[in-house]
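One letter stands for each residue in the lines below.
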Amino acid sequence: MAMYTKEEIFLAISTVIDPEVGFNLVEMGLIYDASSDDAGNVKVTMTLSTRACPLHQMIIQWVKEAVEKLPDAKEVDIEVVWEPVWNITMADDNVKKALGA
Amino acid sequence: MAISQEFAPPFKLIAPFFILGGLFYLVASFFVFGFSLEDISHFSPKTIAFVHLFLLGFVMMTIFGAMAQLVPVVLEVGHFGVELFYAIWPLLLIGTLLMVFGFLYSPALLPYGGVVVLIAMMIFVMEIFMTISKVEKLTLVMSSVLIANIFLFFGIIVGLLMALSYAGTLSLDIPSLLKSHIYLVIGGYINVTIMGLSIVLVPMFTLSHSFSLKPLSIAIYMMSIGVVSVVLSTLFHSDILANIGYFLALVSQFSYIYIIYIIYKTRPRKDNDVYAISLMFAFFSLIMALVSGVAYFAFQNEALLLVALWLLFFGFFGFMITGHIYKIIPFLVWFERFSPLVGKQKVPMLVDMVPYRSSQAQLIFSAVGVLLVAFALLFGVESLLGAGASFLVVGAFAFFRSMLYMINFK
Numbered sequence: 001m002a003m004y005t006k007e008e009i010f011l012a013i014s015t016v017i018d019p020e021v022g023f024n025l026v027e028m029g030l031i032y033d034a035s036s037d038d039a040g041n042v043k044v045t046m047t048l049s050t051r052a053c054p055l056h057q058m059i060i061q062w063v064k065e066a067v068e069k070l071p072d073a074k075e076v077d078i079e080v081v082w083e084p085v086w087n088i089t090m091a092d093d094n095v096k097k098a099l100g101a
Numbered sequence: 001m002a003i004s005q006e007f008a009p010p011f012k013l014i015a016p017f018f019i020l021g022g023l024f025y026l027v028a029s030f031f032v033f034g035f036s037l038e039d040i041s042h043f044s045p046k047t048i049a050f051v052h053l054f055l056l057g058f059v060m061m062t063i064f065g066a067m068a069q070l071v072p073v074v075l076e077v078g079h080f081g082v083e084l085f086y087a088i089w090p091l092l093l094i095g096t097l098l099m100v101f102g103f104l105y106s107p108a109l110l111p112y113g114g115v116v117v118l119i120a121m122m123i124f125v126m127e128i129f130m131t132i133s134k135v136e137k138l139t140l141v142m143s144s145v146l147i148a149n150i151f152l153f154f155g156i157i158v159g160l161l162m163a164l165s166y167a168g169t170l171s172l173d174i175p176s177l178l179k180s181h182i183y184l185v186i187g188g189y190i191n192v193t194i195m196g197l198s199i200v201l202v203p204m205f206t207l208s209h210s211f212s213l214k215p216l217s218i219a220i221y222m223m224s225i226g227v228v229s230v231v232l233s234t235l236f237h238s239d240i241l242a243n244i245g246y247f248l249a250l251v252s253q254f255s256y257i258y259i260i261y262i263i264y265k266t267r268p269r270k271d272n273d274v275y276a277i278s279l280m281f282a283f284f285s286l287i288m289a290l291v292s293g294v295a296y297f298a299f300q301n302e303a304l305l306l307v308a309l310w311l312l313f314f315g316f317f318g319f320m321i322t323g324h325i326y327k328i329i330p331f332l333v334w335f336e337r338f339s340p341l342v343g344k345q346k347v348p349m350l351v352d353m354v355p356y357r358s359s360q361a362q363l364i365f366s367a368v369g370v371l372l373v374a375f376a377l378l379f380g381v382e383s384l385l386g387a388g389a390s391f392l393v394v395g396a397f398a399f400f401r402s403m404l405y406m407i408n409f410k
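Residue numbers (this note's numbering), protein chains in the order written: chain F, 1 to 101; chain D, 1 to 410.
The hints are simulated quantities; they were obtained by calculation from the structure and are not laboratory data.
C-beta: ideal position from N, C-alpha, C; glycine also.
Any given hint could turn out to be false.
To be verified - Restricting the straight-line Cα-Cα distance to at most 30 Å, the calculated cross-link-like pairs of lysine-lysine (DSSO-like) are: (1) Lys6/F to Lys346/D; (2) Lys97/F to Lys137/D; (3) Lys74/F to Lys96/F; (4) Lys64/F to Lys346/D; (5) Lys344/D to Lys265/D; (6) Lys96/F to Lys137/D; (7) Lys214/D to Lys6/F; (8) Lys214/D to Lys64/F; (9) Lys97/F to Lys74/F; (10) Lys344/D to Lys74/F; (11) Lys214/D to Lys69/F; (12) Lys6/F to Lys97/F; (13) Lys327/D to Lys137/D; (14) Lys6/F to Lys69/F; (15) Lys96/F to Lys270/D; (16) Lys97/F to Lys346/D; (17) Lys346/D to Lys410/D; (18) Lys74/F to Lys64/F.
Stated by the list, open to error - Chain F is nowhere near these chain D residues, computed Cβ spacing over 10 Å in every case: (19) Ser143; (20) Leu164; (21) Val294.
All chains should be modelled from the sequences, with the hints used to inform the complete structure.
Written out as structure tokens, the structure reads:
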């Protein structure tokens, strides 16, 4: 049985905020999937709003650190994917509304 | 936390480029006071001094600083030798001053200034070439960086030949060399660089996606062929080649404007901050410059050529650069000062680091200044020139103040 649900991992990652747009990565729709095994090893599949993001390495580090704050989290594996390509329709409605999309 | 510095060079390395660029923008604005409509001609030493002050001191200085940070972002590899940038800004500073004083007071200084600028730019170009050599597969944007720097390489060699001729060391055909120099540096380097980088940066800041890069591809290749055509026309004294070059450059610019328009229309992020409005004014200036340029070819009136160049330099280049400064400096300062605190304490957002009043003041005063000077040149009204210069100086002070605020943000 998984130690953490997808929702619990997403909640942990929702503390990470993109400093350019001011929204967290989950509501931006940048976190595609998350799962954990019964030992507490976590895998996160995510993307970035652009391949040329200068904060690429840092954002991955922040996501890793946010997940590691879960009390029984062990190894955290972050996979950055570029398919499907992120677009604004993946963001929550509050983000779209705030941006005027 | 082991964060690689590859993608964000230390701010102390880049800061001098931006601070000096801002100072040159201010000095160039003051310089406009020194002109009267009678002595403005695109061949006069005072005009050439002003153009070098603006293009070398502000445009190139700022672009080189921005490239120190943006090249790894665009090329997705670390710099070959980012420390080389510590040598580039002092050399570019000294070379620019020698050239400006040379044009104004003593042509004998020009070869020295030209050589110092040449060394600064050769270091820059070679660093970029070595960095590009680390890239396994070149994308269109990466190719644009390569193409732009090849043009810069030849542009500065032609520039040095001109400096030697101007000082009397060599006897060459200066008007022909001037045309090649202008097209290689302004069309080939500055324009292609702006095209390539803006297609990375504008969608990044507006969150635009899913647009075709075909118009950019057309823009870059048309400009490249156009520049080569104009250079060849000076070698073979061919009007046909020159006209083909002008036409292709025009097609290139409209293709570039088209892709920016598509990005603008489809952008999810609709807030019109100082960045967005700066870019709107920049592209308005570019369109007006093109209209004026076409009108010059139709009517052969030098005032139209001066208006086109003015709008291209202070309107398009000026606002593209100042607009991006409001994004680039906050990012660099935030990265260095606040990113280590993420997760430990509340940190500011990048937008919090941009001073609202002085940035808005810069936008309004600089834009009004650009338009007033353009009208002064077009209609020959001396008083408008002075009024425009006054607005430009206030705008430049507001820009410099905004820059210092962002750099010192704590």
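Now for the hints, and whether the structure bears them out:
no.: 1; hint: Lys6/F to Lys346/D; in the structure: 26 Å, holds
no.: 2; hint: Lys97/F to Lys137/D; in the structure: 38 Å, violated
no.: 3; hint: Lys74/F to Lys96/F; in the structure: 35 Å, violated
no.: 4; hint: Lys64/F to Lys346/D; in the structure: 19 Å, holds
no.: 5; hint: Lys344/D to Lys265/D; in the structure: 39 Å, violated
no.: 6; hint: Lys96/F to Lys137/D; in the structure: 35 Å, violated
no.: 7; hint: Lys214/D to Lys6/F; in the structure: 40 Å, violated
no.: 8; hint: Lys214/D to Lys64/F; in the structure: 38 Å, violated
no.: 9; hint: Lys97/F to Lys74/F; in the structure: 37 Å, violated
no.: 10; hint: Lys344/D to Lys74/F; in the structure: 21 Å, holds
no.: 11; hint: Lys214/D to Lys69/F; in the structure: 45 Å, violated
no.: 12; hint: Lys6/F to Lys97/F; in the structure: 26 Å, holds
no.: 13; hint: Lys327/D to Lys137/D; in the structure: 28 Å, holds
no.: 14; hint: Lys6/F to Lys69/F; in the structure: 15 Å, holds
no.: 15; hint: Lys96/F to Lys270/D; in the structure: 10 Å, holds
no.: 16; hint: Lys97/F to Lys346/D; in the structure: 25 Å, holds
no.: 17; hint: Lys346/D to Lys410/D; in the structure: 12 Å, holds
no.: 18; hint: Lys74/F to Lys64/F; in the structure: 11 Å, holds
no.: 19; hint: Ser143; in the structure: 15 Å, holds
no.: 20; hint: Leu164; in the structure: 41 Å, holds
no.: 21; hint: Val294; in the structure: 34 Å, holds
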